[in-house]
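> Note that the protein sequences, when read in sequence, are chains C and P. Heads up: the first sequence begins at 0 in numbering that gives the first Met the number 0, then just goes up one per residue. Heads up: the second sequence begins at 0 in numbering that gives the first Met the number 0, then just goes up one per residue.
Accuracy of the hints is not assured; some may be wrong.
What the hints assert, rightly or not - Listed next, the stretches of chain P that the computed footprint assigns to chain C, with coverage defined by at least 3 CB atoms under 8 Å from CB atoms of chain C:
#, stretch
1, 189–202
2, 221–227
Claimed, not checked - Negatives, chain P to chain C, calculated, CB over 12 Å:
#, residue
3, Ala173
4, Asp177
5, Thr235
6, Trp237
7, Ala240
8, Met255
9, Phe261
10, Ser266
11, Asp276
12, Glu297
Treat the hints as calculated values from the structure; they're not laboratory data. Glycine is no exception: its CB is placed at the ideal position from the N, C-alpha and C atoms.
Number of protein chains: 2
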Amino acid sequence: MNANWTWHGGGIEAAKRHFGGEDWIDLSTGINPHPWPGAAALAFDWQRLPDPEALAQLEAIAASFFGIEAGHVCAVPGSEIGLRLTGMLIGGPARHIAPSYRTHGEMIAGSVPAGADTASGQGGTLILANPNNPDGRTIDAAAMRALLRRRGPDGWLLVDEAFADADPAASIAASVDDRERLVVFRSFGKFFGLAGVRLGFVVAPRAIVAALRERLGAWPLSAAAIAIGTAAYADTGWIDAARARLPKDAAALDAMLMRLGFAPTGSSPLFRLIDVDDAQALFDRLARRAILTRPFAEQPRWLRLGLPADAATLARLEAVLADG
Amino acid sequence: MNANWTWHGGGIEAAKRHFGGEDWIDLSTGINPHPWPGAAALAFDWQRLPDPEALAQLEAIAASFFGIEAGHVCAVPGSEIGLRLTGMLIGGPARHIAPSYRTHGEMIAGSVPAGADTASGQGGTLILANPNNPDGRTIDAAAMRALLRRRGPDGWLLVDEAFADADPAASIAASVDDRERLVVFRSFGKFFGLAGVRLGFVVAPRAIVAALRERLGAWPLSAAAIAIGTAAYADTGWIDAARARLPKDAAALDAMLMRLGFAPTGSSPLFRLIDVDDAQALFDRLARRAILTRPFAEQPRWLRLGLPADAATLARLEAVLADG
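Start from the sequences, fold in the hints, and give me the full structure.
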């Protein structure tokens, strides 16, 4: 299978060249297909260095959204950079729950992959996503706090909550405290559907926040990231509507998949995982009909499907899946 | 003097609150007041993760602009982050030429400040800017290569060329090679006048480029930074015109300052430094007339002036300077 598509979602230009076809549907990511709509109407001051006060205001409004004091929140140009810089600060030894997001295994040199079940009983630094990607498994906040207590005298709990926004009940961000070895990573691009903005947040004890700021310098974000993020996190009407809509759209995807005999898994409404005999063959069949999905090199039975944007997209997906 | 203004240029919101006044002129930075004009007409794909191929295309066109192979160029979300991450990779011991850009003293823990004259005769890792900021002193490319040879068996030469675009003759970027311990930092925002985009480049041996990519992850830049950078570096007509215009505008600023008895220094056309008996008093006088300049906490005689945007701005500056 071509590494362009198993490495990460989003390689649609390469897919177009490889498979041809037109009017592609990109279901290779877990990005909300109904983005926050305000970006196009914003004007950005590209000329000046972003004002540090504007950055602080974004961090304050995001902190309020996460349910934590602003002093624990460090904005980063994409949670990917936040994960990597924080991993270097924390250091090893560490384990990361696998399968999950590829970067989790690269955050701390020498980190050892661990299954979700075996990892929960052990101490030491643990990296995981909640909800997890690609299987969508969610650990509730009480169980996550129990995991935190089990880290022992030196271990950190590093939780990637990139997909937590759709249902914040499972988030542990509000438990971040200077006395806890807990860091939570949030992503703007997925729930708000604007991954090209490159905006994320590290929620951490103040010493970690200070060390991150030292590595990032004073202007980590573009003028656009600050303006879009500040407006979007304040748009509670849109946030509430998206939280109501996404589960309905995911239920429609589930119903279609189950009608065709698949057993979709996942608690995040932004994607579903299906387990099939030959995921590569199904990936290829969908791609030849201009639908890009997400296969996994080391999991030949898994295919992840992003949320179709509308009924027509869902119907096109269904037509190809049914035409096996 | 208030740390809002000696810490770095650009704190204009704080200045407005502190001094009142309207219709402020910001001369506190070295950012081209005539930005590349194409950004407003570009449409950005905020929804998708930026395609890795688009990032590679930007790096290729920037590399061509710098006169080096693309494999030596790593795009970063602002040269500030590039300086800091590279400093952590190189490590100490090190010296940085001072006074210069504040970050140079923070790139490598324990780095020792050194005067430009004493530093040139010694080996070991050396951090400097060319042209330098705030004094605008430029070292020609031959002298810079001599500095590189003097690093000895382990030392690196780290050159911040944030202000090199207006006159690339002094750039040493084309000398970067896998066999040299030379890293050059380039900034998009200053010459192109678009500091809010957050775009910079580290030009380095391939091993450094690879280590930086590992720290940054796959999507270091926003969709806007990729689109604006790709279009601007390709706009040779605008680049040539800006290179012709900026020295003329700087000469007009010089002529005005000299008429009033100042002795401006600096070879970058984007700013001038003046040496006065009481820079704080002059800073305050200008700020009370809504002109923000750049004082320096440890250099009480220095005031840096960015390039006025037009004749009216130059005249306003002259009127306040003359009314002493």
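> Report holds if the minimum CB distance from phenylalanine 261/P to chain C is greater than 12 Å, and violated otherwise.
holds (26 Å)
> Are all C-beta atoms of chain C more than 12 Å from that of aspartate 177/P?
Since the minimum Cβ distance to chain C is about 23 Å, aspartate 177/P lies beyond 12 Å and the statement holds.
> According to the definition I'm using, a residue is off the interface if its beta carbon is farther than 12 Å from all beta carbons of the partner; does alanine 173/P meet that for chain C?
holds (27 Å)
> Is alanine 240/P truly not at the interface, in the sense that its beta carbon sits beyond 12 Å from all beta carbons of chain C?
Label holds. Min Cβ-Cβ 18 Å, cutoff 12 Å.
> Test coverage of the stretch 189–202 of chain P by chain C using CB-CB distances below 8 Å; three residues minimum.
Holds, because 6 residues of the stretch 189–202 of chain P bring their Cβ atoms closer than 8 Å to Cβ atoms of chain C.
> Against chain C, does tryptophan 237/P hold up as non-interface, every C-beta pair farther apart than 12 Å?
Check passes; 15 Å lies beyond 12 Å.
> Please check whether the beta-carbon of serine 266/P is more than 12 Å away from every beta-carbon in chain C.
Check passes; 23 Å lies beyond 12 Å.
> Three residues minimum, CB to CB under 8 Å: does the stretch 221–227 of chain P make the cut for coverage by chain C? Let me know.
That given contact holds, which follows from 5 residues of the stretch 221–227 of chain P lying within Cβ reach (below 8 Å) of chain C.
> Determine whether the non-interface label on threonine 235/P survives the test: each CB of chain C must be over 12 Å from its CB.
holds (21 Å)
> For aspartate 276/P, which was marked as not at the interface, is the minimum beta-carbon distance to chain C over 12 Å?
holds (30 Å)
> Mind verifying the non-interface call on methionine 255/P? Its CB should be farther than 12 Å from each CB in chain C.
holds (23 Å)
> Just double-check glutamate 297/P for me: nearest Cβ-Cβ distance to chain C has to come out over 12 Å.
holds (19 Å)
Checked against the numbered hints listed earlier, the structure breaks none of them; every hint is satisfied.
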